[in-house]
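*Asks:* Sequence:
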Amino acid sequence: MFKSFGARIVVILAALALATGYLWGRGLKLGLDLQGGMHLVLEIEDPDGTMTTEARSDAIDQAERIIRTRVDEFGVEEPLIQKSGEDRLIVELAGLDDESRAKEVINQQAYLEWKLVLETTQVDRALERIDRAVVAAIGEEGLREMGRATESGPTRSIQQLLFSPQDSVQGAGDSASTDGADTADALGEEDAPDEEEPAEALNFRPFTGLLNTGEVGTYLVDVADVETANRFMALEEFQRALPRNISLQWSWDSIPRGTGYYRELYVLEEEPFLTGDQLENATANRDLQFNQAQVLFELNRRGGRDFQRLTSAHIGDRIAIVLDEEVVSAPVVRDRIGANGSIDLGSADMSEAADLALVLRAGSLPARLQIMEERTVGPSLGQDSIDQGRIAGIVGLVAVLGIMMIYYKIAGILAVCALGMYVLLVLGGLAALGANLTLPGIAGLILSVGMAVDANVLIFERIREELAKRRAPRTAVDEGFGNALSAIVDANITTLITGLILFQFGTGPVRGFAVTLCIGIVASFFSALYVTRTLFLLYLSGKRGSDPVSI
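Using the working numbering, the letters of the sequence shown map in sequence onto residues 1 to 551.
FYI, nobody ran anything at the bench for these hints, they're computed from the structure.
These figures come from a predicted structure and were not determined experimentally.
Be careful, since some hints might not be right.
[As the list claims (entries may be wrong)] Quick list of in silico lysine-lysine cross-link-like pairs, DSSO-like style, CA-CA up to 30 Å:
id: 1; residue 1: K409; residue 2: K469
id: 2; residue 1: K103; residue 2: K83
id: 3; residue 1: K29; residue 2: K83
id: 4; residue 1: K103; residue 2: K29
Based on the provided sequences and hints, a complete structural model is requested.
*Replies:* Structure below.
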């Protein structure tokens with residue numbers, strides 16, 4: 001490669017200086033298993049099995065891009081985000097302090113919608129039908145077991161139970177009609193209660209009994225009853241009993257009322273008039289007037305026009321901002337609003353506002369992701385791994401280098417010097433590529449040290465054969481390196497190919513092993529054939545031609 005002995009020295013010093021510079025400037029980054037962090041395996045959620053293989057693959061590709069954007073803005077150094085199969089995603093975040101916050105940012109779907117808040121009148125009129133549907137779906141025994149079989153006498157119909165002024169329901173009954181006949185007329189003939197149905201079967205108010213009076217367009221439900229309400233609302237019979245083009249959606253946080261806490265249940269238009277697809281930017285901010293965290297958003301031109309047109313037509317009404325099917329806020333429209341607006345987060349702190357702005361900027365996930373596997377590696381475990389890896393590496397190196405120096409004498413000492421330079425080159429290469437050193441990577445480093453020693457053994461044995469033929473030391477060295485070259489190249493290339501395959505198709509620890517192994521192979525090839533040979537030439541330059549070579 002370089003005929004001049006001086007040129008060899010310059011190349012070696014330049015390589016060492018470059019490796020030292022990268023190692024000193026960038027430092028060596030430790031992987032998840034050495035410094036602690038979080039490992040997640042995410043899978044596309046498809047409970048109904050309706051997604052095709054191609055659709056799942058496209059969804060996971062899009063999810064990978066979105067999660068990578070979120071993680072990059074979250075501030076984690078060197079995250080590992082990669083596909084595994086057609087519908088799984090592996091996320092590794094090393095050195096993470098707040099795992100729960102990161103998990104929420106990663107897995108939040110962030111589907112944003114703007115919907116109109118409606119009066120509760122239509123739902124009030126349908127409550128009888130809704131309760132009857134719940135009774136028919138779950139049955140009286142099931143409701144009794146749930147504690148929702150409130151009875152008020154064998155002779156009263158459910159219509160009287162729900163709407164009579166003597167026994168009005170908290171909230172829903174207050175705003176509904178107090179006349180059963182008027183309610184039946186409002187519902188129409190087909191929705192009027194069946195007078196011939198046994199009264200005993202109608203003495204239930206399972207859903208209506210959960211409702212309390214809220215602000216305009218909302219009901220209040222005790223937080224202890226939210227799970228029961230969700231069970232009722234998930235019934236197909238419940239959804240069929242709801243008035244058309246209306247959806248019921250929860251607020252994202254509970255509010256105090258008296259001595260208890262309640263969740264608001266909003267009555268909204270089913271179809272949103274605006275979605276997060278029109279969102280251009282989102283930033284966290286604090287409202288100085290009310291000292292509340294908020295997210296300022298900016299819509300694109302089309303979204304701004306739509307928002308302006310709708311708000312101008314609904315001044316005085318409420319607009320709900322719905323994130324992942326939960327109402328974040330529902331402000332009253334005081335004036336026409338254009339492309340810029342805000343989402344008030346109430347009691348949330350600024351970190352929550354910053355996380356929400358982050359996921360909104362990155363965009364919504366194409367489908368929900370299910371966490372299939374979660375591992376958290378603590379810093380103490382990482383430190384134990386570092387200590388064990390350091391001990392294993394030191395013991396292995398000392399044993400190998402000791403045998404080399406004892407068996408090959410001066411040549412062994414030269415090989416040890418070359419191996420010291422080799423280790424520096426490997427660590428510098430890891431720093432230059434920004435790769436993380438993992439526990440399997442340490443194993444790859446030790447393995448590549450063994451391969452570098454193997455290359456030196458081949459060379460030294462070839463030199464011994466040439467010296468046994470009475471060749472001059474310089475000739476023996478040249479012939480030894482030349483004859484061993486083909487075997488060293490074959491061994492290193494086949495191992496390098498294996499390492500590249502492991503890197504391409506492996507995940508997590510396997511890739512860490514492959515990266516270190518591949519860098520080590522290149523460095524060992526350079527150190528064995530170039531550095532060791534240069535050291536030999538330097539050693540021979542101080543000897544006379546007739547002096548014996550200690551090998």
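*Asks:* Next step is simple, just say for each hint if it's right about the structure.
*Replies:* Verification of the hints:
no., hint, in the structure
1, K409 x K469, "holds (20 Å)"
2, K103 x K83, "holds (18 Å)"
3, K29 x K83, "holds (23 Å)"
4, K103 x K29, "holds (22 Å)"
Hint compliance for this structure: every hint is met.
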